[in-house]
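Start from chain R and add chains L and H according to the hints.
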Amino acid sequence: MNEEAQFKLQAYLDGELPAGESAGVQEWLARDPEARALLAELQNTNAALAGHEAEVKLPETRDFFWSKIEREIGRQSVAATAPSRKSFWARWGWRGLVPAGGFAAVCLLALHLANPGAASAEFVPELELASDDMGAYTYRNQEDGLTMIWLYDRSSAAQSAQSSTPAILASK
Amino acid sequence: MKSIRVKCLFWAIVLLISMIAGGVARAADSLPVQMQLIWATNEPKSPDPKHKPVEADVAKLLENTPYRWKYYYEVHRRVEDVPGDRSLEKIVMSKHCALDIKYLGNHSGLERVQVKLYGDDKLVSMHKETLPLLLAGNAQNGTAWFVLIRKAPPGAKADEAKTN
Amino acid sequence: MKTDASQSSASDEQLVEAARQGDMGAFEELVARHRDKIYARAFSMMRNEDEAVDLSQEAWVKSWQRLNQFHGESSFGTWVTRIVINLCLDQLRKRKRQRTESIEEMDEETGGVERQMPAVTVNPTERLERGELRKKIDAALEKLSHEHRTVLVLHEFEDLEYKEIARTMDCSIGTVMSRLFYARRKMAALLADLKTEELR
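Chains as they are written, first to last, in this note's numbering: chain R, 1 to 172; chain L, 1001 to 1164; chain H, 2001 to 2200.
Hints were generated in silico from the structure; no laboratory data involved. If a hint is listed, it holds; no wrong ones were tucked in.
DSS-like cross-link-like pairs, simulated, lysine-lysine; straight-line CA separation at most 30 Å:
hint: 1; chain 1: R; residue 1: K68; chain 2: H; residue 2: K2062
hint: 2; chain 1: H; residue 1: K2094; chain 2: R; residue 2: K68
hint: 3; chain 1: L; residue 1: K1102; chain 2: L; residue 2: K1128
All values reported here derive from a predicted model rather than from experimental measurement.
Isolated chain R, as found in the complex (with noise of 0.2 Å):
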């Protein structure tokens, strides 16, 4: 069973699935043994969980807990009606703005002549996989900057000896 039957499945038992369909999964339930042992055990999960969250208390007393919500209500309303010190904005106004985004505008037009691909619209990544038997994971690591593609074989195990995807280095 793919991906797509399962979550139909699942969408049927949730009461989610689109006026219409819930005919043909009925049909295909009455055919298929795999299919109602799936439905079964999701079943079984949703009737274990419901009504059955832990019954968890807050761990501080009453006056504890909101002494420190008081507190913090009050903090953070002084904190809203504390004057600021005037800013630069409030001293120069409009005045410095102008010329200010003026110079700005030329900038950034010149930015878009200068590089028209990067001023125009952000990058945006692609990728293509050749086969959909492949699939594909990407992770970021913000640290070093890398981008990594994972590819793998979507149709069986990944270390699967008859994996689709093509090998890239020679076996052992």
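Okay, now just chains L and H, sitting in the frame of chain R:
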């Protein structure tokens, strides 16, 4: 006040002209790129004595990824000046692996490339990504392959000659 | 502690109205009524007592500040629950950015081991007493990744539809379906005492 505005306008025009000139020059740029085919394994010995463990900075980079192995061996390394206006000839990394790479320019300080990965002469995938880029996948017996593509560090061309 | 009898007998709506006028006593009563539920939701998502206390406290402060945005489309308790869920998700996202993803996390969208697992045909919880079942479910939830746990909590305990979960978790409906499916399959395996290692 008027003279200040005139001065601002003058400098803006100077900036504009220099940026356009820079952009034209950049469009024709190429990028030195280093490509490494790496074999990852948990075995302490490479089956091929020619394979050398990867350098410390590469090992660190690989260890920071979600899929980890104990040992990383460099199978092959290439350093090429990758042009922006066309793809290079296919860069052969091994009997089974080749790359087709094109420089797409600098975007917000990041170098972009288009990479086509070939396995056994068949196109496997096409990527438009920023560098450094690591393509990877499973190999046999629980090992893995990696192709690390990054901007060539200084002296990379000389190192390539020594390594290969 | 304020134990104003009129407040303890007032409805949530009346207390909300009073709190909007600046009555801190009314708001304290609301906190007292719903604090366990809000904390429990934060704990179910974070699985850490201190973080859950801090986030539930933050949710209460935010709900005070946003009282004017509460228009009674849902109950007050549900409204504050949504606030704490969003705070927890923000926290989990921050936490995720700070560490390297693991293989298990990569497996999340595609199911990992659960992809190949045969259906658990026997109901593993059938003969369990209620308290025992709760403990078992709690232990199983503890073992799930936060993405799987969150989607289960939102769907099973908060009764959210796929599209509402997608909006809350800032992902596609397809991702919700995938996460929910594999979260359920993992739960089934855990409740049947199957360890993922045994399935490899």
